[in-house]
Amino acid sequence: MNNEKILNFAIRFGFLILLMGLVLYFSLSASGFASPRSAAFILQSVAITGILALGVTCTLVVDGFDLSIGSVATTSLMLSAYAMVILEMSAFSAVMLCLFMGAVVGLINGLLIVKFKVPDLLATLGMMFLLIGLQRIPTQGNSIATGMKLPDGSVAEGAFSQAFLWLGRHRFDMVVERLVPVPVVIFLITALAIWVFLELTRHGRLMYAIGSNERAAALVGANVNRYKIAAYMISGVTASIGGILLAARLGRGDIASGNNLLLDSVAAALIGFAVLGAARPNAFGTAVGALFVGILLQGLTMMNAPYYTQDFVKGAVLVIALVFTFYLSAKRGSGGKT
Amino acid sequence: MKACEIRGLEKSFGRNHVLRGIDLDLDSGEVVVLMGANGAGKSTLVKILCGFQGANAGTMTLEGQPFDPADAADAIARGVVTVHQSIDDGVIPDLDVATNLMLNRLTEHGASLLVRDRALRVAARKVADNMGLDLDVRARVSDLSVADRQMIAIARAMAYDPKVLILDEPTSSLSASEAERLFALLDRLREQGVAILYISHRMSDIRRIADRIVCMRDGKISGVFDQAPLDYDGAVTAMLGHRMTDVNIDVASGGSAILEVERVMLDGSDTPVSFSAHDGEVVAITGLLGSGKSQLADMIFGQKPVKTGQLRIDGQPYAPASAGQAVAAGVFMSSKDRSTNAVIPDFDIANNMTLPFLGSFSRLSLLSKRKQRGAATDMIKQIGVKCQSDQDGIGTLSGGNQQKVMIGRWLLEDSRVLLLDEPFQGVDIGARRDIGRHIRATAKGRATLVFAAELDEALEIADRIIVLHEGAIVGTHENSNIDLDALIAQVSGAKDAQTQAN
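In order, the protein sequences belong to chains B and X. Per the working numbering, residue 1 is the first one in the first sequence, and the count goes up by one each step. Per the working numbering, residue 1 is the first one in the second sequence, and the count goes up by one each step.
Excised from the complex, chain B in its bound form:
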């Protein structure tokens, strides 16, 4: 009985305790780790992957998977640059265009899966491939920057507007002057919104029901197809937000950036399974998972771990979290709360 209590406690709080332990350890051993600047830096480093991870969480909730998020983000990056630099659109219309693109890609993903019965992994893998190729066609494989030579010989006159760059570079004052960057604020708002949607609304509850037993959800009258499509559209829109923020931070349409986005964000969402012993996708866990990776990398970097060990560390964290989720929770049996 006592053993069971300890196991339950470990499953529920083990990951959070590990996180606090890490923070404590780094604070003591790396000077400068426990400072507002370093905290803001960690948040900034995880903001974009975190936003993408929140989107993929929604698809995981309906027992799907969206592999296209990374390429949606880079497409959004290139599209916003193209819209402003070459088409000379305003910041507002560029942002709207990107969000619209994300929603359309999500819709197509959803329709492929729901109507054409393509398995989710394959449909979104195909979409990923397609987008990676598509984003290179208009610029003939080149990055986009002001003053670049266009195929017809002219020079691109447009530029990233200040309002757009503000999205990636402005920092709000908090405790210290110019501390919190806009992407962090957007990450926190997105996390809150997705959390409210999944945990507190009836739509979120039905999406969990679909993920747990699709047929039973359909037989109580839920429109399963519509919810699934909605999940992929949310995922597409959040991925395009991530891409916009990346573009605003870089200030150019860099063809090579965003390579790691997919793996990092999927890892964050999967690590989130282990938080609070949820054993299923959840918004809070995803946000914590993203932070966990950020803290670990920042701490290790400050302790002079070389950059090339980063992926190894992320992979190790993911594997441990998955063992937490699937082995320990399975041992506990099927007694959980909602």
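No lab work stands behind these hints, which were simulated from the structure alone. We treat Cβ as the ideally placed atom computed from N, Cα and C, and that holds for glycine. Honestly, I wouldn't trust all of these hints.
With a Cα cut of at most 27 Å, we get these calculated BS3-like pairs of lysine-lysine [as the list claims (entries may be wrong)]:
1. X:Lys336 / B:Lys117
2. X:Lys304 / B:Lys117
3. B:Lys5 / X:Lys220
4. B:Lys117 / X:Lys220
5. X:Lys386 / X:Lys369
6. X:Lys307 / B:Lys115
7. X:Lys47 / B:Lys115
8. X:Lys220 / X:Lys307
9. X:Lys304 / X:Lys47
Stretch by stretch, here's where chain B covers chain X in the computed footprint (C-beta under 8 Å, at least three residues) [claimed, not checked]:
10. 116 to 122
11. 364 to 370
12. 378 to 387
Following the hints, put chain X in place on chain B, whose structure we already have.
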């Protein structure tokens, strides 16, 4: 000659005694039909025979030798081969017929590394000819009809040269003419001296193929029929049992008609089905597997289209295209097979129960946990779910209590028509009485249809019992002083039982 002899076989899962001393003989060149309702223990018996599970007590012998298979492969090697109900478990759909027929050759010890297709096809054609199958051995199995796939599954089983062949509901997805091909094949195997154990509910199959009928009920053999002509009605009685229950029903004739089913055609029948269900009335629809019960339930709940005829609710035409539309029209259904069709395993009781009506428990889409829990706690009290609180995981409950939650789900709001498809499946007798009492107590204001194969269940809950047989209504009975013999004759589809005891 005795092929297989089973004596005193017992099996329990926890406190649940599934088999309580089974004695069964299988003779070479004989088809033994095993009948039994859901939960009678047929599938457990089959699993023990084919080595998936071990018995707790009892002995089995095969051709005089003790038989206690260590696993499925051992059972097959000893000569007990099973063709399972799900056909695609027996074939590999992406490979061609020849490979499927010769699959065991590929796994044999000392089989050559390279597959010689030509030789394989020649050998496969020989097997097919032996069984009287006329098939292109190059065809992909997934392109074949269900019947052909079934034949191949049996042909594959025959490749092991079995002494005992077990067929689990082999005709459940075959049409009448396809089934006839299967029977012709079984006749052939019978002549070759194979002992066949044939599990089925379909009376037409049983009439065609059985040399002997063995009935199981509650883990025991409840009847053996081997005198020609076989007593089919006796077999159905032994299978369904009717230990006249001690539940007394005050039959209500009901108010105005709510649900009207008009000239609806069910598959496999050319007689349309018409009946109506009235306000405050509980109507049980009974019949064997394949009688069209489930199809009718699915039509009323918008899961299958009504092709001919029509449905009306309160006089208005009603043609739902989905569960959502049915629920919106006030037609609720508690589905059969709760684990696949109803339970959300990740949710607690409160969320499972309130799932269809989340809209009523939320404002601006934001769920009110307080309201959900309040409604769930009330229903738990009313229907008597045994649990710690409404926040227990659904998986912690026993089958009967899970079923109470699934039915309570549809009693949270008032319905016009309530459909309960096999509401007592895997439910103990206590929970069954609780559910039945509650359904009858709340019956006012709606029409209730209960789809149940077991006669006891129908007799315990209904005001009126409608008997379906092969897609047609063959009898309607008020539930007072029912002529049980006539009822059973109708269920089993005896031709001379056209007496309608009204």
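Evaluation of the provided hints:
1. Using a Cα cut-off of 27 Å, the hinted pair Lys336 of chain X and Lys117 of chain B holds, with the two alpha carbons roughly 26 Å apart.
2. Restraint check for Lys304 of chain X and Lys117 of chain B: the C-alpha separation of about 20 Å stays at or below 27 Å, so the hint holds.
3. The hinted pair formed by Lys5 of chain B and Lys220 of chain X fails the criterion: a straight-line CA distance of about 43 Å is larger than 27 Å.
4. Among the hinted pairs, Lys117 of chain B with Lys220 of chain X is inconsistent with the structure: their alpha-carbon atoms are about 45 Å apart, more than 27 Å.
5. About 21 Å separates the Cα atoms of Lys386 of chain X and Lys369 of chain X, which keeps this hinted pair within 27 Å; it holds.
6. A distance of roughly 24 Å separates the Cα atoms of Lys307 of chain X and Lys115 of chain B; the hinted pair therefore holds under the 27 Å criterion.
7. A hinted pair counts as satisfied when its Cα atoms are at most 27 Å apart, and Lys47 of chain X with Lys115 of chain B does not qualify at roughly 39 Å.
8. This hinted pair does not check out: Lys220 of chain X and Lys307 of chain X have alpha carbons roughly 42 Å apart, beyond 27 Å.
9. Taking the CA atoms of Lys304 of chain X and Lys47 of chain X, the gap is near 33 Å; set against the 27 Å cutoff, the hint is violated.
10. Coverage of a stretch by a chain is defined here by at least three residues with a beta carbon nearer than 8 Å to that chain's beta carbons; for the region 116 to 122 of chain X and chain B the count is 0, and the condition is violated.
11. Residues of the region 364 to 370 of chain X with a Cβ under 8 Å from some Cβ of chain B number 3, which satisfies the need for three, so the listed coverage holds.
12. Remark: the region 378 to 387 of chain X is not confirmed as covered by chain B, as 0 of its residues place a Cβ nearer than 8 Å to a Cβ of that chain, below the required three.
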